[in-house]
Amino acid sequence: MKARASWIEEIWRIVVLLTIALVVGAAFEKTLLSLFIALAGYIAKYLYNLKRMADWLDEQKKTAVPVNFGLLGDICSRISRLTSRHAHRESRLTRLVDEYSASTSALPDGTVALDAKGHILWFNEAASRLLGLVAAKDIGQPLPNLFRNPEITSFIKAADYARTLETRAPGNPQLVLEVRLAPYGDGQTLLLAQDITDRIVQERVRKDFVANVSHELRTPLTVISGFIENLQADDDLPKDRLRRPLELMSQQAAMMSQLVEDLLLLARLETTSAAAYRTEVDMAAMLVAVAEECRGIRADAPNIDVQLETEKRLLGDEKQLRSAVSNLAVNAVHHTPAEGSVTLTWKEDAGGARLVVSDTGEGIAPAHIPRLTERFYRVDTGRSRDRGGTGLGLAIVKHVFKRHQAELEITSQLGRGSQFTCRFPAACTIA
Amino acid sequence: METSDLNQHYSQQFNSELEEIRSRVLGMGGLVERQLEMGIAALNSGESGDAEAVVSNDYMVNACDVEIDERCTKILALRQPTASDLRLVLAVIKTTADLERIGDEAKRVARMAIRAAAGDHGRNLYGQIAHLGSQVQRMLHRALDAFARMDVDEAIEVAHEDVNIDREFESVMRQSMTYMMEDPRSIPNVIDLIWAARSLERIGDRCCNISEYVIYFVKGKDVRHISLDQIKKEFG
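Protein chains in written order, with our numbering: chain Z, 4 to 434; chain U, -6 to 229.
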């Protein structure tokens, strides 16, 4: 509307000017000249206003509109409104960015935003503190150039958003960080680093405590077991009344000793660093030996089969592996009736080699499976304790396999049987 | 129009090649930092597990050395870089060589840790070089940070740190001599200790070299055989 009004204004102006020119020209009989002068003057004024407009546009701070009449005036006022709208929007965005910066500064965890190529877009104060990044200089650098821990480079490249990585802070080896990634936007990634030093320290304190207590209990238990044995062998004592109590005491002392040994083994497995295993272990022979052992566990033992599909050996610790395999096999035998069968399998697969202990026993309910390898977790408390189990067997199995860079996988169907599978990577196998 | 598109393509390609060798040399630096960290930790803790890993992983450091040199040679031959690009490639080549040597020294430290763990002797001796060890670790970290940022000020500070390292090394030597004089049976163990300390001191010297390459890249001036005071006067 405004546009049309200013057009009309403009046209009126021209019409009036030309009319005056005509009249004046007619009066002096020089109409053409008069018209020419009028038009020339009009164009000159227009050009002059255009120049003023151009100068006005160049100004940083907009002063008042230079022309407010006609078409040019209309254009000027529109430009003026556009500029002030932009200024408002800019100040609103700046405020939003400031608020956002303030909130990310307050985050206790280090946050670094990375573009698709892994270059740093921005990071917060916590990231500066935990990762040693410097605000002014590091924007635009690939993060692995500054956060150089070898695992970080492959972690970022793998872009595995489900995993977290535990690593030491760069330049500050006392700090332990937990790092995770989160994708956002168009191929961008957020890297989050949390300081978990306290948690690690507490875990270490707990583990040391358990190990120390177990160690302290060992000697007194040995003394007690020893004397019970002596009393049992002593012929001068009234046997009838004392036989049963001594038997029970001996059994319980043995259980406690076994528990202490298991706890100490577990503590050792958890805390010492896994040395590179150099000895070759003949898994085939071990399975055969364990199977033989299991056949003697009880009179009505189920059928025990050994399936060997490969002769590959494993790089590892013979004793630890033997104890783990034995644990699994004995468990299987205990949970399978006489008509059932237990199968020990050692075979090759795509990633390396696989050990499977499967049975056709009573199976395990799905609710129990994720917790099976927890210490002292029992599916059926009464029965396994009676059989002398410590509740630590599967925890030990899990840790032994972990130290051999393998994972324990448990599947089961209630009433049909269970399978305990362990996959070893090819790097640990020797043909 | 076509030529300029092609030129832009070449220069983008070239830029990404330069960026690649920078990233790779810093990745190698991270690997070497980890090797040193594990070697020193093994020395302090008396357990040889990590130290054995260091010895067996040294091949990875050497592989990086070969690979980065190949890339740099290709860039020099095909791109014929000039000015700061040329200085960058040269700085990367030299830094790679020094990092490979640092990796070797870290392997030596790890070997000493294995011997110390096997012997189960004089653990308190190694407490002496724990401080030297952490100083050297810090120095390597800062040298690599300076390289990543091409920060001359940081590089000069790192070069300055070498004086402290040398002083610390001398103090370890004096302690070692005292131990040897007090108890001649400890001499084999103390000699091992001296080898480890010497390796650490050598690492300090190499970090100094790396910071000199940083200054060379940024300022275009070879400062390798100029005294630290002169460097500070010119660029400090």
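If you are wondering where the hints come from, they were derived from the structure by calculation, not from laboratory data. Hints are not guaranteed to be accurate.
Said to hold, decoys possible - Mimicking BS3-like on lysine-lysine, the simulated pairs with C-alpha atoms at most 30 Å apart in a straight line are:
{"#": "1", "chain 1": "U", "residue 1": "Lys87", "chain 2": "Z", "residue 2": "Lys160"}
{"#": "2", "chain 1": "Z", "residue 1": "Lys120", "chain 2": "U", "residue 2": "Lys212"}
{"#": "3", "chain 1": "U", "residue 1": "Lys226", "chain 2": "Z", "residue 2": "Lys140"}
{"#": "4", "chain 1": "U", "residue 1": "Lys226", "chain 2": "Z", "residue 2": "Lys242"}
{"#": "5", "chain 1": "U", "residue 1": "Lys225", "chain 2": "Z", "residue 2": "Lys140"}
{"#": "6", "chain 1": "Z", "residue 1": "Lys120", "chain 2": "U", "residue 2": "Lys225"}
{"#": "7", "chain 1": "Z", "residue 1": "Lys140", "chain 2": "U", "residue 2": "Lys87"}
{"#": "8", "chain 1": "U", "residue 1": "Lys67", "chain 2": "U", "residue 2": "Lys225"}
{"#": "9", "chain 1": "U", "residue 1": "Lys214", "chain 2": "Z", "residue 2": "Lys160"}
{"#": "10", "chain 1": "Z", "residue 1": "Lys160", "chain 2": "U", "residue 2": "Lys226"}
{"#": "11", "chain 1": "U", "residue 1": "Lys67", "chain 2": "U", "residue 2": "Lys226"}
{"#": "12", "chain 1": "Z", "residue 1": "Lys120", "chain 2": "U", "residue 2": "Lys67"}
(Q) Hinted pair, alpha-carbon criterion (30 Å max): Lys120/Z, Lys225/U. Please report holds or violated. (A) Given that 30 Å is the threshold and the Cα spacing comes to 37 Å, the pair is violated.
**Q.** Holds or violated: Lys214/U to Lys160/Z, with C-alpha atoms at most 30 Å apart
**A.** violated, 37 Å
Q) Quick one, are Lys120/Z and Lys67/U close enough, alpha carbons at most 30 Å? A) holds, 23 Å
Q: Take a quick look at whether Lys160/Z and Lys226/U sit within 30 Å of each other, Cα to Cα.
A: Roughly 43 Å between the alpha carbons, so the hint for Lys160/Z and Lys226/U is violated.
Q.
Does Lys160/Z sit within 30 Å of Lys87/U, going by the straight-line distance between their CA atoms?
A. The given pair, whose Cα atoms are some 27 Å apart, holds under the 30 Å limit.
Q: For the pair we were handed, Lys120/Z and Lys212/U, check the Cα-Cα distance against 30 Å.
A: Satisfied, since the Cα-Cα distance of roughly 29 Å is no more than 30 Å.
Q: Take the C-alpha atoms of Lys226/U and Lys140/Z, compute the straight-line distance between them, and say whether it is at most 30 Å.
A: holds, 24 Å
Q. Can the restraint linking Lys140/Z and Lys87/U be considered satisfied, given a maximum Cα separation of 30 Å?
A. holds, 24 Å
Q | Pairwise hint evaluation, Lys242/Z against Lys226/U, where the allowed Cα distance is 30 Å at most | A | Given that 30 Å is the threshold and the Cα spacing comes to 96 Å, the pair is violated.
Q: Take the C-alpha atoms of Lys67/U and Lys225/U, compute the straight-line distance between them, and say whether it is at most 30 Å.
A: This hinted pair is violated, its Cα atoms lying about 35 Å apart.
Q) If you draw a straight line from the CA of Lys225/U to the CA of Lys140/Z, is it 30 Å or shorter? A) holds, 22 Å
(Q) Run the distance test for Lys67/U versus Lys226/U: straight-line Cα separation, threshold 30 Å. (A) violated, 37 Å
Hint compliance for this structure: hints 4, 6, 8, 9, 10, 11 are not met, and every other hint is.
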